[in-house]
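Dock chain B against chain A, hints included.
2 protein chains.
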Amino acid sequence: MYIRYKLRLLLAAGLLLLTSAFSVADPLSSWNDSDSKKAIIRFVEKVTRKDSPDFIPESQRIATFDNDGTLWAEQPVYFQLIYALDQVKKMAPKHPEWKTQEPFASVLRGDTQKVMASGKEGLMKILAATHANMTAEEFHANVSDWLKTARHPKTNRPYNEMIYQPMLELLDYLRANGFKTFIVSGGGVDFMRVFAEQTYGIPPDQVVGSSIKAKYEVRDGTPAIIKLPEINLIDDKEGKPVGIHQYIGQRPSFAFGNSDGDYQMLEWTTAGTGARLGLLLHHTDAKREWAYDRDSHIGQLSKGLDDAAKKGWTVVDMKNDWKVVFPSPR
Amino acid sequence: MYIRYKLRLLLAAGLLLLTSAFSVADPLSSWNDSDSKKAIIRFVEKVTRKDSPDFIPESQRIATFDNDGTLWAEQPVYFQLIYALDQVKKMAPKHPEWKTQEPFASVLRGDTQKVMASGKEGLMKILAATHANMTAEEFHANVSDWLKTARHPKTNRPYNEMIYQPMLELLDYLRANGFKTFIVSGGGVDFMRVFAEQTYGIPPDQVVGSSIKAKYEVRDGTPAIIKLPEINLIDDKEGKPVGIHQYIGQRPSFAFGNSDGDYQMLEWTTAGTGARLGLLLHHTDAKREWAYDRDSHIGQLSKGLDDAAKKGWTVVDMKNDWKVVFPSPR
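Quick note, the sequences are listed as chains A and B, same order. Residue numbering for the first sequence follows my numbering, beginning at 1275 and increasing consecutively. Residue numbering for the second sequence follows my numbering, beginning at 1275 and increasing consecutively.
Just chain A, with the same shape it has in the complex (with noise of 0.2 Å):
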């Protein structure tokens, strides 16, 4: 009887440790045990926990993700600029007179630092030809049809594979957690949308981010939402505060940006009351990434660097932060 007692006792000391085990998979197996991870869970755990004084509830519980250089790569320059050009060559045939106008002829000869030199005037002629005057349907189905062959110039992959593991498991852990994921990007809300759910997990009703305006038409009967050449909102540095307010209703507990375009996101995170956390991804992995910062063109990150310290934000190391950037080709 003692004999068939132990063992019993063994078999649910067993169980419970198999239990355990199961109980603490690792949601963030791919980020290395450093200070940021930490920061994480701490953050979640004492949110969540319904005794904890600094518990939110789950209708509150609001997390913003900027996409370009967060969610997904933005080197050696923004997808949806690829886009556009790609759609400016794709489109070509049906132009002949772009072959002497600028900057449509210097994208088909391939010039890009023409492209990039006929500044913003250039850039919203590109954007008016490539992302308006057709109906939302047609623009969905061009960015859909472009992302299943084009493929990024330096890994070769599709650009939504472009994405960082560690963010992807990030995402899950907040969402098994009760919290709402949202894209807040400067990037096109149209163009996000195309791919944030299948991604991301993220619905298109989820994405806020830059848009231009639309117009409801009825078409020989059809009705058809047309997108227009003027632009709606640029949701970046001011405008990421604003598109927040606007599209989601609420101020966000947690925040995770990668530039100075995602400081003001982050300041108007952490300044409301309660628990928050403001997050920032360093750049730093020359190796199996880029390594940029202050000084670059794209996703340029200074003044989020000086004063992460003094406003609490964690700054997330890629280098030593994640054991590994992009997930395994499918």
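Careful: at least some of the hints might be erroneous.
Listed next, the stretches of chain B that the computed footprint assigns to chain A, with coverage defined by at least 3 CB atoms under 8 Å from CB atoms of chain A [what the hints assert, rightly or not]:
| no. | region |
| --- | --- |
| 1 | 1354-1367 |
| 2 | 1438-1446 |
| 3 | 1519-1527 |
| 4 | 1558-1568 |
Some, not all, of what chain B presents toward chain A, calculated at C-beta under 10 Å [claimed, not checked]:
| no. | residue |
| --- | --- |
| 5 | 1503 |
| 6 | 1506 |
| 7 | 1508 |
Treat the hints as calculated values from the structure; they're not laboratory data. For glycine and all other residues, C-beta sits at the position ideal for the given N, C-alpha and C.
Chain B in isolation, oriented as in the chain A frame:
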């Protein structure tokens, strides 16, 4: 032995009956067994059955509801206008100049007809004074305070109890079937967000409405969203499909409105491919609520009634289709 077997069989049958009795408990119990109730249930069942040719994946189950006259009452005038007039009175001590300035003087004298006669220009002045040049948090607190004390002139109930019990059941029923429910209303988005979650179970980010512009500003080290006296979106008529596009990012498969301001939302929703349902609430109940349609200055419904049959939209007859209108007082 045989008797024991029969007993167990009986018990099993009893449990089965009990279970199915629970599972058929009517989720729309405030609806009479009318054609409109049948149309709703038929639609939900066919789009949620995996083996149905009309199956809609959960991520695409988007349902949009107008607010004024669809989820809550809108007579004798839109409740948000009553809020604005009440605010003018509350703010008057700090604005002695309003005693002689129109349309404020008329508001303070209680001459609503003259206020209305001041037209769009007058209403914009009232809107600017009561909705703009303050932080989003100040506005939220003002509306929240007002809801606690203001009472409807006819029923003496708080405005957020002037809601329709059958619609609350419909919202729950759709959500239980995997639909994401949104408000798409001509009303002010920041106004509705104050009560939508508690009243309808619709979180702030699932409320689309008319809005004014906003800016982000750091005042004495404290960041704030300042509401500006400038229109951003009029979410009415052609503005509703535009609002749906900009905020929700995909076409709904279910839309419910009550006035010609909802015509384009229903048109856009039901013109898509696959199974669709468009509904209009017809205010036919002078006894329990109000009876109005073609000639009403609030919630006019004329073109919608003309075209409903042709467009395949379901017209809900409040008087005949609803067992109760308002929920029992709390």
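Consistency of the hints with the structure:
1. 1354-1367: Our answer is that it is violated, as 0 residues pass the Cβ test (under 8 Å) against chain A, missing three.
2. 1438-1446: violated (count 0)
3. 1519-1527: holds (count 6)
4. 1558-1568: This one is violated; 0 residues, fewer than the three required, reach chain A with a Cβ under 8 Å.
5. 1503: violated, 15 Å
6. 1506: Constraint on residue 1506 of chain B satisfied, holds at 7 Å.
7. 1508: violated, 12 Å
Figure legend: structure checked against the earlier numbered hints; hints not met, in rising order: 1, 2, 4, 5 and 7.
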